[in-house]
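Visitor: Residue-level listing of the chains:
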Amino acid sequence: MNPTSKSSVQDKTVFSKILTDCENRIYTEEWKVSSKELEAGENWSVKKCRLAGGVSDGVDVLTVNNGKLSFDIVPTRGMGILKGQYEDVFLGWNAAIKNPIHPSYVNLEARGGLGWLSGFNEWIVRCGLASIGQPSKDTIIDNNGNEKEIVLTLHGRIANIPANFVQVNIGLEPPNIIEAKGVVYERSMFGPNLRLITSTITVPGSNWLTISDSIENLRSFPDEMQLLYHCNFGKPFLEKGASLLAPIRRVAPRDPVASKGIDLFDVFGAPESGFIEQVYYMELLSDANNYTKVMLQNRMGDKAVSIGFSVKELPCFTLWKNTAAEEDGYIMGLEPGTSFPNPKRFERERNRVLKLRPKNKYNARITLSFHIGKDKVQKASEEIRKIQGKTKPIVYKDPVKDFAPS
Amino acid sequence: MNPTSKSSVQDKTVFSKILTDCENRIYTEEWKVSSKELEAGENWSVKKCRLAGGVSDGVDVLTVNNGKLSFDIVPTRGMGILKGQYEDVFLGWNAAIKNPIHPSYVNLEARGGLGWLSGFNEWIVRCGLASIGQPSKDTIIDNNGNEKEIVLTLHGRIANIPANFVQVNIGLEPPNIIEAKGVVYERSMFGPNLRLITSTITVPGSNWLTISDSIENLRSFPDEMQLLYHCNFGKPFLEKGASLLAPIRRVAPRDPVASKGIDLFDVFGAPESGFIEQVYYMELLSDANNYTKVMLQNRMGDKAVSIGFSVKELPCFTLWKNTAAEEDGYIMGLEPGTSFPNPKRFERERNRVLKLRPKNKYNARITLSFHIGKDKVQKASEEIRKIQGKTKPIVYKDPVKDFAPS
Amino acid sequence: MNPTSKSSVQDKTVFSKILTDCENRIYTEEWKVSSKELEAGENWSVKKCRLAGGVSDGVDVLTVNNGKLSFDIVPTRGMGILKGQYEDVFLGWNAAIKNPIHPSYVNLEARGGLGWLSGFNEWIVRCGLASIGQPSKDTIIDNNGNEKEIVLTLHGRIANIPANFVQVNIGLEPPNIIEAKGVVYERSMFGPNLRLITSTITVPGSNWLTISDSIENLRSFPDEMQLLYHCNFGKPFLEKGASLLAPIRRVAPRDPVASKGIDLFDVFGAPESGFIEQVYYMELLSDANNYTKVMLQNRMGDKAVSIGFSVKELPCFTLWKNTAAEEDGYIMGLEPGTSFPNPKRFERERNRVLKLRPKNKYNARITLSFHIGKDKVQKASEEIRKIQGKTKPIVYKDPVKDFAPS
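Those protein sequences? They're chains A, B and C, same order as listed. When you line the first sequence up against the working numbering, it's residues 8 to 413, in that order. When you line the second sequence up against the working numbering, it's residues 8 to 413, in that order. When you line the third sequence up against the working numbering, it's residues 8 to 413, in that order.
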C-alpha cells in the first residue's frame, strides 16, 4: 500500500532522495543535487527550497533544471507547476503575483465558491479530483446516509492541498531521467478519498516534460473522479495572431459569448481590457494509439508549445481564451480533461464523470514540448495535421446540449 | 486570571516545563525529558516535536510514555489525542491518514459544514465548545443586537484551535504523576469566549490516563456550552463480536437506520462496505458518587478499554457504530457528553445545552483504562455489572422524541 | 511597477532594511536596529520578530520605539497595529487575547460572514479594501461575464492578508524619521486587484505617528474601493465620563439603539454588561486645507488621543461606542473612512463607494497624537474648537436615510 513501494530506491542505477514523507516524519527544508555531484549527465540540477514571508510563507518549491528546460514544482500547492523556462523563453503567464500563494490563505468557499481564483497563478494546475468546473450545487450522501446539498467550489481542492510525500529520482545512466514524484491526498471521512501519485519527468537537454498521474479511489466502493490539466500560457506564445492547432472532430462554443467568436475560435487577439472569456469544448481526433496533440503557436510560427495526450485518458478538450488586458491576465488555457468544466451534475448526466471502482487507479499523462524556431514548429504542426488527416472538423456555431448546459 | 497561576511551578516536588506560552512569547520546538534525567520513577518519557511538510506542517506533537502506556497529544489540534499504545496494543482507529492535519488545511465551513471530517483522525477528540453535533442552523445575536441565522459546523471549533499554552509537569515523588496541561481559547468578539484548561495525567507503569477539563465562560453574562468526548476505537478492540458493556437505564436509536440494529445495539459487526452509521443515545446508571463506566471489549473478552466518568458532568452517552469497511473507517465511538450530538436547537429545547454563568467553570473528567487479559477484562466488567445491579435497561425500538429529533 | 522603486535605498541619508520581499525571496526572521548602532538620534529602536506557537504561530511583529512612543505593527495581519504605549500609557484596548491571531486561523466566512471578529484585537486595523461594513449580499460579475450574488464578509479581507513586502527606513539626519513600510495585495483573478502601500512614520521622542496609505487599482478598468481606519481605545482614555471632541457639521444615530443614546452621543459610560453597541455617523467640519481632527479624552481631561486627517480623503466619520463589560470588550472606535460601514450596496447607491480608475491611487493619511497632561489636552482641544468655530452641529435624533439604511 506504500505509494513509494514501486520507487527505484534500491535500484543502483537510480539516485533517490525523499524530501517529504509525513508519515515517516521526513522533511528537508533546503536541498540540491546536480550533474556535477552525481557525475551523471550534464548541466542539470534539482533544488528544493522553502519560501518565507508574506503569502508564500511555508511554501515548498522544487526547481528542476534539465540544462535547457527548467520549471518550478510546488509541492505545497498539490504539485502544480508555477512557471518554467525553455532556453530563453518564459513558460507560463504573466500573473500579477509572481510568488506562489500558500493554501492557508486561499479560502475555496469565499466569493460564492470562487476562492480558488485568489491562489491561481500557475503555469500548469490540476483541477479536481472529486470535482472540476464552475461553482455549482451538488448532492452528497452524508454520514447519516441522508442526501445533503452542498456547493462544489471552483475547480476542486487538489491544487490547494500539500503533497504528503515528495521524492526526487535521478537516473544515473543515460538518458539520466530526472523525476519529481509526489503524493497528494484529497480526502475526508465520509467523503472522497482519492490518492494522486504524480510523476513529472524530463531528460537533460530535452525540450519536454511529462506529467504522469495515477489517481486511486481508496474507498471500499465506487466513487467519482474528475481531472483537468489547466495549462496556461501568456506571452510570448500568446499574442495577437497566435493560433491553436488541434486535430478536431467537433468543436462547440460554451455559451453565447463564445458563439460570437466561433469563426476565429482558433486565433487569438491582442490584449483587450474588459474581454470576457471565450471557452470552446472539443472532441479531438487521435492516431491509432489514441494519441493526440494540440499546439499553441505564436503569430510568426517560430515559437510553439504542444501538449500530447491520449484521448482515451483525457477525452474532453477545453480551450480557454482569456485575452484580457495584460494586467488582468492575458492568458489562454489548453485543458485536456476527463470531462468538460461544466457543473458536475451536468457532466454526470452525460456520463462524463468517472466512477472509479475501489482500489482502481485512473492513469493520465500529458507531455508538454517546446518548439523554438520555424523548422521545429513546422515539424510539430505536421504531426497534428497528420492526425487531422482528411477529416473535416465539425464547427457548431452555437452551444450544443451535448457539450454544455444551455 | 493567569491559567497557570495554580500550577505547581514553585512546588519543589514537581518538575515543570512550559513549552508554549503565546502571551509571554515562549515556544519550544523540540524537547524531551525522561525518568533517567530526573531520577524519578522508571521508564517514562515525555517528548515534544514539531512536524514539518505536507498537511502536518507546523503541527506540534507531545508524546507521553509512562513505560507501559504511551499517547500523542496534539496541542495544535486543541489538545486532542491522536493515538496511543498500551503494551503492544494500538489505541485508536485505523484512519487512512496517520499524520495529524494542521487546522489551516481544515475549512470547517466546507461541504455544507462537514469540513471537520477532513481533519478527523484522532483517537480522542473533543467536540464543542460552543456547539457539537451535525451541521445545523442556529440563531445568534450579532454586534448590532440583531438576530442572525448562522450555520453551526459539525462538532464545533475546539478540535481545530491550537493551544496557546502547553506545560508538562512531572511529580518528582511517587507516584510521579505525569501531567500534560494545555489552554485553548474558543472565542470571538461578540461571540462565545470559552477557555478550556485541560490536563491529561497518567502514572508510570499504569494502565490509565485521565483527562480533566475545565471550561470557563469568560464573558460577563451567561453563555452556552456543549462538550462531547469522541473516543474512537478500531481494531483490535473493535471486531466482529466485540461488545459494549454499559450500565443502562434507557437506550434509544437515533434514527430509523439505528432502529434496524436495535436488537444487537451492543454488539459489533465485521467491517462492511457501505455500512451506514448506527447511533444510540443512552441514559446511564451510576453509583452513589454519580460515577459510571462503559467498556468496549473484543470478541474473546481478553482485550478491553473502559471509560469512567460522572453522569453529573456528562449525563448523555452516545454510542457510535460505524463498522464500515476498514479503508472507510472501521470505527466505533464511546461518547460521553453534556448533551447528545443533535442539532443545537433541538438540544436547547430539551434543556441539554449548558448555560455557564460568567466566570463559572464547567468541569468534566474521563478516565480511560486498558485491560489486557481475560482476568482483567472480567474484573472491569464486574464493576459495570455492579452499577447496573438489578435495574433492567429500557430499550426503545424506535427513536424517542426526548432523545432525538424525529 | 516595483513598489519599492521610490524608496530611499540609494539615499545615503537614509538607512534601509528590507525585511520581507516575497518576489525576491527575502525574509528576515529576527532583526533589530537602534539609535546606538546607527549613531543617529537617541533612544529609538526598531525590532522584528516572528512569533511561534498557538494561534500566533508564524506571525511577524515589527516593534517601533521612538523613545517615548512605541507600537507593534503586524505585517502578517495586513500591517495593522496591535498595540502601543506612550510614556507609561497603554494604547489600544483590553482585548481578551493579547497575542495576534494568524490569519490562517481566521475564517472570514464563518458565522455568517462574521469570522473577522475571531481575529480582531488590534489597536488600529484597516477595514477594506474591496468592501467594509457588516456582512451583506452583493452582486459581482464572474469570469463568465455573469452576475453572481455573493456575501461580503465583515470589514473585508485586508486585515487578514500578510504583507508581501516590508521595509524599515531610518533617516540618518535629524529629525531621524523612522518609517515602516509595507505592501499588501488584496486580489483575486477576475476580482479586485488592489495594492496597498502603507507607510507608518514617527520621529524620535515625538508624541505622534502617521499612517500614509496609497491604494492602487491594478486592473485595467475602473474598480471599487472602500477604506476605514478602525482606531480602537479602551482604558485609560475610555472611561466613564470620557468624551469625544470633534468638529461636527451633522451627526446621526445608525439605528434605534443609537437613537436612544443620541443626547449623550459624545460622552462615554462605564463598562456595562450587555451593552449593545451605539454607532454614530458624522459629517465633520474642516479647516481651509480640508484638515480635521477628532479627539477622545478621559474624564479628567488629562489624557487624550487625537486623530487628524483630511475630510477630502476620509469624508465619513464613524463613532463606535461599545462600552460593554471589560471582559467583553470595553472599547470605542474613532473610524475615519471613505464611507460609512453600512452594507456596500447601500453605500454604492449614495455614491460613497469609491471607483478607482486603472493605475490610479487613492491616498489617505491619519495622524494619531497622544496628549498627557491637562495643558496638552487643552491645547489639542482648542484646535478642534477652532475648526468647529461658530457652526452649530446638526444632531439628528433618529436615523437618517442619507447616513444609514432604515
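Careful, some of the hints might be misleading.
Note: identical chains are not told apart, hence a pair may lie in one copy or across any two.
[Stated by the list, open to error] Capping the alpha-carbon separation at 27 Å, the derived lysine-lysine pairs in DSSO-like fashion look like this:
no. : residue 1 : residue 2
1   : Lys366    : Lys242
2   : Lys319    : Lys408
3   : Lys155    : Lys144
4   : Lys366    : Lys247
5   : Lys155    : Lys267
6   : Lys381    : Lys393
7   : Lys368    : Lys105
8   : Lys368    : Lys247
9   : Lys393    : Lys383
10  : Lys19     : Lys393
11  : Lys19     : Lys319
12  : Lys75     : Lys366
13  : Lys105    : Lys366
14  : Lys19     : Lys408
If you are wondering where the hints come from, they were derived from the structure by calculation, not from laboratory data.
Visitor: Now tell me if each hint is right for this structure.
Guide: Tested hints:
Only between protomers do lysine 366 and lysine 242 lie at most 27 Å apart by alpha-carbon distance; the minimum there is 22 Å, versus 42 Å within a single protomer. For a Cα distance limit of 27 Å, the shortest separation of lysine 319 from lysine 408 inside one copy, 22 Å, qualifies, whereas the shortest one across copies, 54 Å, does not. For the identical chains of this complex, lysine 155 and lysine 144 are neighbours both inside a copy (10 Å) and across copies (14 Å), given an alpha-carbon limit of 27 Å. Taking the shortest alpha-carbon separations for lysine 366 and lysine 247, only the inter-copy value of 24 Å comes in at or below 27 Å, while the best intra-copy value is 47 Å.
With identical chains, the CA atoms of lysine 155 and lysine 267 are at most 27 Å apart between copies only, with a shortest distance of 22 Å across copies and 38 Å within one. Taking CA atoms no more than 27 Å apart as the test, lysine 381 paired with lysine 393 passes inside one copy only; the shortest distance there is 18 Å, against 76 Å between copies. In the homo-oligomer, the alpha carbons of lysine 368 and lysine 105 lie at most 27 Å apart only across protomers (22 Å), although the nearest pairing inside one protomer, at 34 Å, exceeds that limit. Proximity of lysine 368 to lysine 247 under the C-alpha cut-off of 27 Å is found in neither arrangement, the shortest distances being 41 Å within a copy and 30 Å between copies.
With identical chains, the CA atoms of lysine 393 and lysine 383 are at most 27 Å apart within one copy only, with a shortest distance of 16 Å there and 77 Å across copies. Taking the closest pair of Cα atoms, lysine 19 and lysine 393 never come within 27 Å of each other, the shortest separation being 41 Å inside a single copy and 65 Å across copies. Taking CA atoms no more than 27 Å apart as the test, lysine 19 paired with lysine 319 passes in neither setting, with 35 Å inside one copy and 65 Å between copies. In the homo-oligomer, the alpha carbons of lysine 75 and lysine 366 never lie at most 27 Å apart, since the shortest distance is 39 Å inside one protomer and 37 Å across protomers.
For the homomeric pair lysine 105 and lysine 366, the shortest alpha-carbon distance between copies (19 Å) is at most 27 Å, but the shortest distance inside one copy (38 Å) is not. Taking the closest pair of Cα atoms, lysine 19 and lysine 408 never come within 27 Å of each other, the shortest separation being 55 Å inside a single copy and 68 Å across copies.
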